[in-house]
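Those sequence lines, one after another, are chains A and B. In case it helps, this note's numbering puts the first sequence at residues 1 to 95. In case it helps, this note's numbering puts the second sequence at residues 96 to 589.
These are calculated hints, taken from the structure and not from any lab test. Mixed in with the good hints, there may be bad ones.
Distance condition first, Cα-Cα at most 25 Å in a straight line; then the derived DSS-like pairs of lysine-lysine [as the list claims (entries may be wrong)]:
#1 K452/B / K513/B
#2 K581/B / K558/B
#3 K558/B / K356/B
#4 K558/B / K5/A
#5 K494/B / K452/B
#6 K452/B / K13/A
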Amino acid sequence: MSVDKDTVRRIAKLARIALDEGRVEPMAQELNGIMDWVAQLNEVDVEDVAPMTSAVDHALRMREDAVTQGGAADALMANAPGGEDHFFVVPKVVE
Amino acid sequence: MSDLTSLTLAEARDAVRAKKVSSVDLTKAFLGAVEAARPLNAFITETPERALEMAAASDARIAKGEGGLLEGLPIAVKDLFCTKGVRTTAGSNILSNFVPPYESTVSQNLWDAGAVMLGKTNMDEFAMGSSNETSFYGPVFNPWRSRGSNANLVPGGSSGGSAAAVSGSLCLAAMGTDTGGSIRQPAAVTGTVGLKPTYGRCSRYGIVAFASSLDQAGPMTRTVRDAAILLRSAASVDPRDSTSVDVPVPDYEAVLDDGVKGLRVGIPKEYRIEGASPEIDALWADGVEWLKKQGAEIVDVSLPHTRYALPTYYIVAPAEASSNLARYDGVRFGHRAQGAHDITELYEKSRAEGFGKEVQRRILIGTYVLSSGYYDAYYIRAQKLRSLIAQDFTRAYEKCDVLLTPATPGPAFAVGEKSADPVAMYLNDVFTVTVNLAGLPALAVPAGLTADGLPLGLQIIGKAFDEATVLRAGRAIEVAAGFDAKPQQWWRAA
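If we strip away everything but chain A, and leave its shape as in the complex, we get (with noise of 0.2 Å):
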């Protein structure tokens, strides 16, 4: 078992997801299965490979460092869940 319960709860706090204890080992479970499927990729010898950076080979395009929109704060508030003018509302983050 290379993913135990420990590390379902911690890469589900990183993660930002709540989940229940009862779905903690299921998950494990779940997520070794894939991980013991995807294993074999160290079968492999990728000692003097280059790690893939780009899907095509070409360069990205330069632009001028200029704003190119902007104005739009309506628009961004326009679906948020909690939003009074133009600012988001959370739960209280400082004590």
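Place chain B on chain A using the hints.
Using the frame of chain A, we list chain B on its own:
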């Protein structure tokens, strides 16, 4: 014209241009088909009012002698493309109330060309799935059923709604997206044509992101010609997507019938896998014969790292997804959980309530492979494998111009049949996923029926930005296969 919904996109285009049929009449015919096909659950949101407005505007332009390449043609778009003022869910509860204040570049290109929007099609949640069963809005049913059976089959995924809508003649064509096979696999199992363009051919701006280095939009149609037509209008270089590439978009349709004489077609031996249906192997052999008869040169090639593509994908794609989906926090848009006492609880509860099981699973895998101590062992190793997989193609293309492979390991399967075992579900993409990792274009073409009467497809894989040759080879398969079977419209009696 008795049944407008049986027209291809090309036929409808010619009829509308020649003023033999109005866009409004065409649109009404498809809106009727969409309504009658609600048992298929192919659409998450239907937009009949907008469709009729757009159709009327098209008719007005045509009357003035104006009009774009897709003027007046009703199509559907996957609910992953942001559409201004029309709810866009990505198949997820977390976006169930999201109404984008902007339009995706691809959909904007299509509306600018005159296309008419019938609605937003159902899909696996955040495009994560191969059966459309992970949608928060319920599964989509394949218009096809096995001969003599009433059992519902999946339409493939993740663009399952788009595939079902095209296959069931609910629209002239649809747009899908393909991250590991999400256009080609559903196209193959619904008897339709699906094209994943080269990475960078279409802008990703305004497409809800899954795995940004793999995602690409593409057409889903009833014929190869229709795919050529739709891609021409959808593709563009876009200042708002820095990975879109400034390579001219040719008139793909113009060279479609140039034939395959002298074309070198590679047959990768690694695509003969255990567990694939014998009917798939037989169809593949037919495909080889068809192309050979039309003058293509058949070349045996090897893509030695093929078997590592799926496990590589299931590290890279979840890693990118875990990062992309971090934006769904219940604060700026999307679902927000009630009753959270602090900000962390707000995030954790909103995401637990908003994301479905498969999405949570993939976010957790992605978080795991990117976490401290595992990053090199998993993520960097996978990116190195990705280089090797791409090199396989580069070497093969020294000997050939396109590759011919099966599109899927089997035909459509039953609803519920594979949903309990994630790895069994992932294997649906075994023939399609390599292409996304290498950024290449590939086309699924319907090529035959199983003994049970279900469609099967072949796949043509091309060189980067050589969609024209891919389409030309696909057209040759289409002509030779003479695939003209249509599903029984059982849903009309339902």
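Violated hints - listed by number, lowest first: 2, 4 and 5
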